[in-house]
Structure formats: structure tokens, C-alpha cells
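J.: Listed below, chain by chain, are the residues.
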Amino acid sequence: MTILEVNNIAKRFGKLVAVKDISMAIPEGQIRGLIGPNGSGKTTTFHLISGFLKPTSGEVLFKGQPITGKTPNRIAKRGLVRTFQLTSVYRDMSVRQNVHMGHHIHANKKSAEISNNTKLPSISSIEDSTSWILEHMNLSEEADTPARMLPAGMQRVLSIATALAVRPNLLMLDEPLAGLNPTEKSNVAQKISGLRDYGITILLVEHDVRSVLSICDKITVINFGEKIAEGTADEITKHPAVIEAYLGKSEGHDA
Amino acid sequence: MTILQFITSTPKRFVYALIGTIIATPLLVALPHALTSYWQSVLVIFALNTIMVMGYRVITTMGGWSFSHVATAGLGAYTTAILMTLETPWSFWATLFLGAGISGLFALIIAYPVLRTRHYYFFLSTFAAGEALRQAYIQFKGITGGSFGISFIPRPEGFWGIDFNTTTGFYYLVLAIALIIWLLLYRFDLSRVGRTIKAVAANEELSESIGINTWGHRTLPFVLGSVIAGFAGALSANFNGAINPLDFGSILMFKLVAAAIVGGVSTFFGPILGLLYLTALEEIFRAFAEWVPLLWGASVIAVLMIWSGGLEMAVLKLLALLRPILFNRAKNSSAKNIG
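These protein sequences, in sequence, are chains A and B.
With the working numbering, the residue at position 54 of the first sequence is 54, and numbering never jumps.
Position in the second sequence (first residue = 1) + 255 = the working numbering.
Just so you know, the hints here were simulated from the structure itself, not pulled from any lab data.
Backbone N, C-alpha and C fix where the C-beta goes; we use that ideal spot for every residue, glycine too.
Among the hints, a few may not be true.
[What the hints assert, rightly or not] Listed next, with one range per pair, are the computed distances between beta-carbon atoms:
(1) K267(B) with G69(A): 40 to 48 Å
(2) F395(B) with N38(A): 53 to 61 Å
(3) R373(B) with E135(A): 33 to 41 Å
(4) L16(A) with I556(B): 38 to 46 Å
(5) P368(B) with T56(A): 23 to 31 Å
(6) A557(B) with E135(A): 41 to 49 Å
(7) P182(A) with L573(B): 46 to 54 Å
(8) L573(B) with Q190(A): 41 to 49 Å
[As the list claims (entries may be wrong)] Within a straight-line C-alpha distance of at most 30 Å, the following computed DSS-like cross-link-like pairs (lysine-lysine) qualify:
(9) K238(A) with K20(A)
(10) K218(A) with K77(A)
(11) K396(B) with K54(A)
(12) K70(A) with K453(B)
(13) K77(A) with K453(B)
(14) K227(A) with K70(A)
(15) K227(A) with K238(A)
(16) K227(A) with K77(A)
(17) K20(A) with K54(A)
Construct the complete structure from the given sequences, taking the supplied hints into account.
T.: This is the structure in C-alpha cells:
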């Protein structure tokens, strides 16, 4: 089943065309990568899907329902949650408070079990769910540390843990590996792959192509606001349009 | 939710605050009897400004420093002043709540444009909204009395043997309302909604992305703070007996902002502490009244430059120092013995 369908979305800022025409469909349970050179429109596409920007034209369907133009908090309540590259934690809150805050949309139905359409276990209270997430993301030891004191890699894990608390069906990660050292990278990548076991579909934007290839089932490549290729890691690395986008034309055209 | 559940779910800090309030109330009730009539007036004005500044703190929890607070309070004052000076005057209680409601409604209306702005722009846009409102007080002469304002505003009728026409009597009225507002706002501050508002202020994008309605959690404190301002405004109209547009200008607004800066806004008590400091300064240097704004300004600059966090941080540090002395004396002394 297709969980996210993007149909011909475009975004113009005045005369500048940030996203010209992008379509893609993500089946449930997939880890999809969205890559492209600097300024290719990756982040704009991300904002358009998650509701932080309204597309000039085109539509976004989530679980078969149109979500185009809805506010991000409403989109999140439907099960599509995104993280941000740099600012995805509450810096002055402890790790536990961060994950606790992630349960916001579940807080009004305290007595009922936390609604669940992922394969995450049903847990009756927010406190228990917080502890469960902290344990499974290996953050228990740091539970009472203020988020700003954590090293970058752990902050990234914390941002994923907070997003997990919303219980999303589709998790969109904005450059989850950027700025991390190799050990941190492999740790975060492992955590992301592990989310598949909980039935969570993942769409991640990444600048660092190499690290993406290993964890994504399928990759969409965009450049100049248009999709130029889509396929598995092997297909993508051999695709002439992708090679051209990243390395320039082979016939003496150096940029 | 049953009453029992509500009581058991009440944060401990609120229970302590409630107990503290109950203990302090007799002292606050006795206080005016120890004062001359001049100091009684100072006390009433301080209590009124405390209500104002408590409302202001609610607004700052959403991250914005409004500059329309005093002008908004004016709506409460004008509502009371106009309706209580009619040929068939309205009851004070009706005008009090109506005035607060109108202040809140005004905040709700301007929220749509001003809450789109952040930081300095929020400050400037609320300043503009406040000035527009103050101009309205001047220009709509038929209703507001123009720059002369409205005089002969009666005070409410007393009850339980308290005469609100005396300063002490009116002080009890303001005190009762201030205490109720303080308890409600403090409970609100500690509530889940209160925490969510602060989370939105700390990181709006993240909050929105985890499903928090950030617009609602910015609008609510802005409107709530303005409602509180409306109460203070209405009461001040009754206390002074006359109002004019100058009462709701930038001088009082600056005093509130200065109180929030000097006291700090990360705790509920900060702005009240700041207000106490500014009022003390004002009274000590009453003989040099024209120099008082200079002293306020110097205090603000001093806090911004060398003592960020304000007076509340000084108090918190002092409490942290005193805590082991007060509560763990046994532990402390035994540790000393071993050492």
C-alpha cells in the first residue's frame, strides 16, 4: 500500500522556482532516500510535504487523504512527523522531558491506551511509553541530562526518539547524518534501520550520498527542482543523469 | 475528573504556594492598618500593578514581549468608566468582567497580525497596536471624553461591612482579586498547557512538527494575559475615580517591561520581585521624582549587562545556598564532624 503520494508539486518564490515538478510514491514500510546536490530543492520538497510550506501547485496524499496546505501540527496528528536538521531538540529540557513532550497529541486521552497504528507496543501511560522509548533508543542513562549537553550524535538520536513518541506512520528525517563523526553516523544509521521493525516508513533527505546508499531501499534523486532518477542504490550510482548532476558532464565540462 | 483526582494531580509546588498564601493572607489583611494613608495608596497601586505584571508574565511565557499591555488594560478601565457613569449605571461586577472580556477580545483580534511577528518585530507591532488604541481613546471624544477622559467614576458598593470608598476597603477588594488571579495563574503556569506554551516558545518548529498547535499555544497566553490586564485596568479606574489616555501610555508600560527585565521572567515571582524593586526605588527617591526613570533605566541596563537572569536568579541562588543550612542541618554538621 502506498503511504505517501506526491503528485507534481511545485513551489515558486516570486520568480525563483525552487521546486519545478516532483512526483513520487512511497510504499508502506520502505526506507526512502531523497538526495540531490546543494540547492536542488530537497529541503523545499521536505517542507512542502510536511506542511511547513504550501505548494504553489500539485498535491500530497498521505494514507490516501489529501494533506496539501494543512498545518504541520494537523499533518503530524495524522501520523506524518518530521525532524529538523539542527533544531530538533528542546535544548533546556532533559532527555526524558523531550521524549515526554513528544507524546503531546496523546496526552488528552490519558486513560485510554496510547493509540497505535505502528508496530510499537501499546503502552498505557505516557511515563511508561517514555521509558520504553528511552530504553530502546539507548538513552536511558542520559535521561536526566539536559539535551544541550549531549554530543551531536546523541542529540540526533534524541530527535528521532522524540518523533517516535508521536507514533508516526511516516517519519521524515532531515539530514540525520550531517555533521556527525563516522562512529556516530553508523550508530544513527543503525537506529534508523531499526525503525523499520516497528512498521514505520521513512523518508530521509541526505546530502552525504555514500551513507544513504546502505540504509535506503530506494532512492529518489532530484536536481534543479525536478526528479532525475529513482531506483535502488545500484541503479542510482550507475544512472548517467545522477553522475552528471554530482560530477558534471564528462566531456571536459567542468563547473 | 473528580475533585479528588484533581487534588491528587495538583503539583506539589502549587500546594506549597496555596499554603503560603493562606499563611500570608492575614498579614496582607493587617498590613494597611500599620500604614499611613499615603502608604496605603502606594500599596493599592502596587497591588494593581502586580495584577498587571502577572498578566504580563503570562504573555512573556510564549516568548513575546508585548508593548500593548497597558493600552489593552485601558479597555477594561474605559469599559468600567463609561458604563458606571451612565445615567443608569451598570453594576461594578458586570463592568469588571465585561471590561476584562473586551480586553481579551481585543487581544484575540490583534493576535492574528501581531503573533505572526517575532522578537523585535513583535515588540514593535504590539507597540503600534497599543498606540492605535490609545489614539482611539483620544479621538472617540463622544464616548471616551477625549484627552480629558472620564471623571467621577464611582467605587463599587461594599459588603460584609467593608467600605470600598476607603483606601483600606478598596485595598481588600484588589487584594482578594489579586490573590485569586495569582492562584489561578500559578496553577496554569504549572499545568500541562503552561508547559506546552513554554515548549512552543523554546522551539516553535519542533513543537509544530510533533503535533502541537503552536498558533493556539501562542494565542492563548496573549489573550489570557490581556484579560488579566483588563481586570487591573477596570479596578484602577474605580480606584482613581478618573481616567484619561495618558494613564495608559508608555510610562506605565515601560515600568512593567522594566519589572519583567529586572526581576526576570523564568519564574512566576520574577516580575513581581522586579516591580517591588522599582516601586521601592520610586518611593525612596520620591523627592527626586524626575530622576526615577533614570534609575529604572540604569537598573535595566545593569541587569541586561552584568546580571542576566535578574533578581529572581539572585533569590534562587540564595535559596540554593540556604537550603542545606535550613533543611539538612543534621547531615551538614555530621559531615563537618567527619571532616
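J.: Against the earlier hints, flag every one the structure doesn't satisfy and list their numbers going up.
T.: Of the numbered hints given earlier, the structure breaks just one, which is hint 11.
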